[in-house]
Amino acid sequence: MTHVPVEIRRLGTSVAGLDPILGGGLPEFSFNIIAGAPGAGKSTLAHQLMFAMASESRTALYFTALGEPPLKMLRYQQQFEFFDGEALGQSVHFVNLGDEASTGGPAAVLTRISLEVRQRSPAFVFVDSFRSIMLGGRESPTHADVVQRFLQDLGLLMTTWQATTFLIGEYFSERDADPLFTAADGLLWLRQSVERNSVVRKIEVTKMRGQASIPGLHTFRISSAGITVFPPASIAATGKRSAWPIRQRIGMGIDELDTMMGGGLPKGYSLLVAGPSGSGKSILASAFLAEGARCGEAGVIAAFEQRALHSRGAAVADLVDAGRIAVVDTNATDLSVDEVAALVLAEVHRLGASRIVIDSLSGFELALAPTFRADFRESMARMVAALTNTGASVLMTSELEDRYDDLRFSPYGTAFLTDAIIVQRYIEVDSRLQRVLAVVKIRGSGHSNELRLFHINDDGIQIDAMLSNHEGILGGRPRQKSPRVAGE
Amino acid sequence: MEFDAKLIEAELMRISRVADPAAISETFLSTVDALVDVLAPVIGKRGVAALYERSVHISRRNFAWLPMVETPHESESMLQLLQLRTNDQQAAACAAVLSSFYAILVSLVGSNLSSRLLRDIDLAVPDDVHRRDQKS
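Chains as they are written, first to last, in our numbering: chain A, 1 to 488; chain B, 1 to 136.
To be clear, the hints were calculated from the coordinates, so they are not data collected in a lab.
Idealized CB from N, CA, C, for every residue including glycine.
A few of these clues could be false.
If the Cβ cut is set under 8 angstroms, some of the chain A residues that face chain B in the computed set are [stated by the list, open to error]:
no.	residue
1	78
2	85
3	89
4	94
5	95
6	99
7	131
8	381
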């Protein structure tokens, strides 16, 4: 006979980004630990889970013990938008265990919890702070046995009373409380990573019995709305990547450039536009977005430059005002690549956008928390893959210092990540600074190999002729070719 | 309950007129007990005691004869001192303590949450005071 496993219902947490890293939500009736150092966001996560999941038919009991005084907890937690004062006494009940924890120890606490659970039959139980209860009576030689017994009894009580349970506690490492972590079905660690002046919050699902959680440290942010988790970009992206070979091309907004590219950018490609400061990368990116809007395609821009929108011209500003181009807010401090990817993807899905601009990778790197800079290349690879997996075409600009003895397209070694590359350079001709550009690469497609002069006017980038009769252009100072002598 | 000091004072005075002088202190202490019953499960007995101690402390600025208390359970000393006072003094002091208690709670957790937590609380007139009130 085929074994049919019991179906474990997964509960949606309503905490943005949390369900994907849990492996699809929280298993119903699971016994979970929310662990971390003080200030890591444990109580905030617990309250957010409680207010989101509790209802009048599925109530929640929030036991407070000797940690943060309940008066202060209520004072601060109600600052979050998820805090629903109307739910108090209806779907959410707070119960203070201070007396039991301080005078009776774990046994008295268990008795009181049992009483309340039997009276109210809650669907969700939170105990905050669990560690403070465990520390009660620790001088007793039998304390370890008492704790073990307490955990077993509590786990059994909660499971048989069909309550999904969360124990919240200040723990600093996995070694702190072995019996507790062993007994738990789910273990969520909240951490704060400090590097120089930067602090980044991270969550790790160390354990989630019966389902495939996403391993690793995932960044999260606490705002007035509560906690938002940023899962890896690769699992956050949904959509349909363009099928290979790509036949459809999209215009860049500069006709001559489309011709150089063999008819435009293949749809769904990633394109790197590299060049020195002021060479016209952002203007090219604006033309790309404006052309999309002209064709009815929405766009998203993540701009990391100062006065980012000023340099894009009135046309793009108007499209932003009209809501056809979304601008991702990149002003938050200590960003992670996954957070930026999540913000961009949210806008892509909201608008159904098919063009994305990241301007520039250099500004992006500076906006990241230091802890993420070492892995910038790998993170970028994941993000580019995630963004193009939506089916959108992605244009990224990269600040490139002009080095005339070294032909490079990206300081990050990211050139190989992209499907296409356009490079811009300054050259000196007749004591004037001139600009040239070339299409360096378009994967799977023919393209021009010309180095073309271009200039920028009020209408944007204008591509001119090749600089004829010159050589050594990439050296920065082209020389006129010597006239051929007859007979040579 | 409307935690306006003037309204509480007026109600306590009314009770004292229709019942007897002891009704003021009895009603006050019953109301404090009701507050403890409602709030202690949520913020703990220590939380309620801290609020009560602070509200008596604030009220002693105008009613210096009120006893220094640390918990609502020290009712005997409160009762003895209240009953040495005139009805007016008792009613004003009791109203000051109750309204201070509420004001401190509001300052900490906000008026919405305070109203929510104390939505079923009214001046807890003891049953025998009620009976005396109804007879009159």
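Results of checking the hints against the structure:
1. 78: Holds - the Cβ of residue 78(A) comes within 8 angstroms of chain B, reaching about 6 angstroms at its closest.
2. 85: 5 angstroms, holds
3. 89: 7 angstroms, holds
4. 94: It holds, given that the least Cβ distance between residue 94(A) and chain B is near 4 angstroms, below 8 angstroms.
5. 95: 5 angstroms, holds
6. 99: For residue 99(A), the interface hint holds, since the closest Cβ of chain B sits about 6 angstroms away, which is under 8 angstroms.
7. 131: This hint is violated: residue 131(A) lies away from chain B, its Cβ roughly 17 angstroms from the closest one there, beyond 8 angstroms.
8. 381: Interface hint status for residue 381(A): violated (48 angstroms vs cutoff 8 angstroms).
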